[in-house]
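A.B. asks: The chain contents come next:
Protein chains: 2
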Amino acid sequence: MASGTSHLMTQRQSSVFDELVQIDEFFAQLQKPSNLDSIRTKAGEFCKRNEHLKIALITSGGTTVPMELNTVRFVDNFSAGTRGSASTEYLLQTGQYAVIFLYRSKSLEPYSRHFSPDELLNQLQWEPETDDITVSSSFKPKLREILKHKKETEDRLLKITFTTLSEYLFTLRELTLVLNEFGSNTMLYLAAAVSDFYIPPENMAIHKIQSSEPLRLHFELVPKVLRPLVKFWVPDAFVISFKLETDENILLSKARKALTKYGHKLVIANELNTRKDKVTLVTETDSEVIKVDSQLNNVEIEKFIVENVVQRHQDFITQVEAETSTH
Amino acid sequence: MASGTSHLMTQRQSSVFDELVQIDEFFAQLQKPSNLDSIRTKAGEFCKRNEHLKIALITSGGTTVPMELNTVRFVDNFSAGTRGSASTEYLLQTGQYAVIFLYRSKSLEPYSRHFSPDELLNQLQWEPETDDITVSSSFKPKLREILKHKKETEDRLLKITFTTLSEYLFTLRELTLVLNEFGSNTMLYLAAAVSDFYIPPENMAIHKIQSSEPLRLHFELVPKVLRPLVKFWVPDAFVISFKLETDENILLSKARKALTKYGHKLVIANELNTRKDKVTLVTETDSEVIKVDSQLNNVEIEKFIVENVVQRHQDFITQVEAETSTH
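From first to last, the protein sequence lines stand for chains V and U. For the first sequence, the numbering used here begins at 187 and goes up steadily by one. For the second sequence, the numbering used here begins at 187 and goes up steadily by one.
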């Protein structure tokens, strides 16, 4: 081997090394959650128990970015968790997957997402005569369907919560340590709305910021963990990311840029105001639009997104197996 | 009358006028909600129907401050709405009040606050044999109590939601137009966590802020609407505000300063980490501590806060009536 090539190898290795160091340095300055070990154990047991199935990690809801160490105020991302919680239900209903649902505390969850606590409570009546509690008869059919689905699928569902950006990032990284064992059988469906900005803890106010004068805040960029995730943490998995914009004109170009930059398989692009009716599934070479009329037909677009990505994941597995067998 | 006095009068009048103009200018630049008329009508009818009772307006939950006009990101205030929703329940249980509950959409509500949607759903079982839905027997006693209270009190409860700071401020002002008619029979219990900072709409990004570089945000101070509220909007009402700090050392002095500045009756001061176990009720002349051990005794401090302020409101009404009769 010529010395030129060997020199090139070293450069490449050192650039990979730099990238790993950078992401480690970023994590090192964040506040590490105390429950990572127990999450890893739980997730490991869950995956082991379901290893005859494909495994999906679905992330859901927005991350918070605290403005104070004793946090009263924070920056949040708009997301109720509809995309992630609905997709989890549909994915479980295929019968092919066990799902780890990593979601923002108090955002929507599978099954219970169909009603607010108040709506549900309003369907329960206390009967003074019998001193019993009954469910409104008009509500029973819907509730019965949901409870049925829940019963049939919930042992293939593991729920884990986050609130802050740090909690999300640390937990995501920890889960990939477990998921990496399952290679191409793993799908990551990263629907959470993760903040692009944060305030490094050393720049943060300790106490509630006083309101004696106007406030200037300086946010740093959050490094894109999608890159180390695809490259180092779960290199064999089928990774899907989401892109939400309010300006449709930049949406597709941003989706394609993300694919080139991070090297994953699929970006699901959506625009804030039409996100329940239209998404575009973008790969490096083509794009496919899914459109529904969610108001008119009382359907959820997540049903069709899930059908589509399940097929893509299966094609990916088949392709990987074919490649492996020819080697 | 000497011309000096007349000059002084004019100065005073013009300072009041300036204050009113300033607050009007602040409101004028905010986005006005479209449903204020219907809120006013609904609140008017509700108060009329309950005019044999005292009326309370309880505000609850945090306000959001959008960072973009097409809002993906926003600043939020830590508050689940526990204080406001629990206090509403206890106040309704006295039988003396009708309550307008002005709360952050999706924050805790009276009655349903006792469980998350998931907890409630987990207590309902579908029985495949009978195809019926039943409530867990261990859960029935608690649920029965809550449904009983709900049934007995909910016709004295009017719920109105807000999300953004603008929605909160406009709705609050609109409601005071209705409440002012009821004079000292009205109590305002302002437990909502209202942002002190905002980004004026003309300084706001139109679309989702791009994450190509670090972000600097400049927030302006929100003028304290408590001042016009006490002085002009409901001058005869019994007004209680809340003060939350993370630094106990400045809490009481800030509470007292607020009373001097805004001229209302009572500040309930609490510290972030101990807020479920200790509050200090601060007036211009004295202070009173309420302390419970919420963990040990399974009690809610709101029960005692409500008992205390109901008595204070009654004393206030008696005093006002005595003053009126001697004039």
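Heads up, a few of these hints could be off.
Pairs involving identical chains hold if they fit within one copy or between any two copies, as the list cannot separate such chains.
[As the list claims (entries may be wrong)] Capping the alpha-carbon separation at 27 angstroms, the derived lysine-lysine pairs in DSS-like fashion look like this:
{"hint": "1", "residue 1": "K394", "residue 2": "K447"}
{"hint": "2", "residue 1": "K394", "residue 2": "K410"}
{"hint": "3", "residue 1": "K394", "residue 2": "K477"}
{"hint": "4", "residue 1": "K489", "residue 2": "K292"}
{"hint": "5", "residue 1": "K234", "residue 2": "K410"}
{"hint": "6", "residue 1": "K462", "residue 2": "K394"}
Keep in mind that the hints were calculated from the coordinates and are not lab data.
A.B. asks: For each hint, tell me whether it holds in the structure or not.
C.D. replies: How the hints compare with the structure:
| no. | hint | in the structure |
| --- | --- | --- |
| 1 | K394 to K447 | between (38 angstroms within a copy, 21 angstroms between copies) |
| 2 | K394 to K410 | between (29 angstroms within a copy, 17 angstroms between copies) |
| 3 | K394 to K477 | between (45 angstroms within a copy, 23 angstroms between copies) |
| 4 | K489 to K292 | both (23 angstroms within a copy, 25 angstroms between copies) |
| 5 | K234 to K410 | neither (30 angstroms within a copy, 57 angstroms between copies) |
| 6 | K462 to K394 | between (37 angstroms within a copy, 18 angstroms between copies) |
Of the hints listed earlier, the one the structure fails to meet is number 5.
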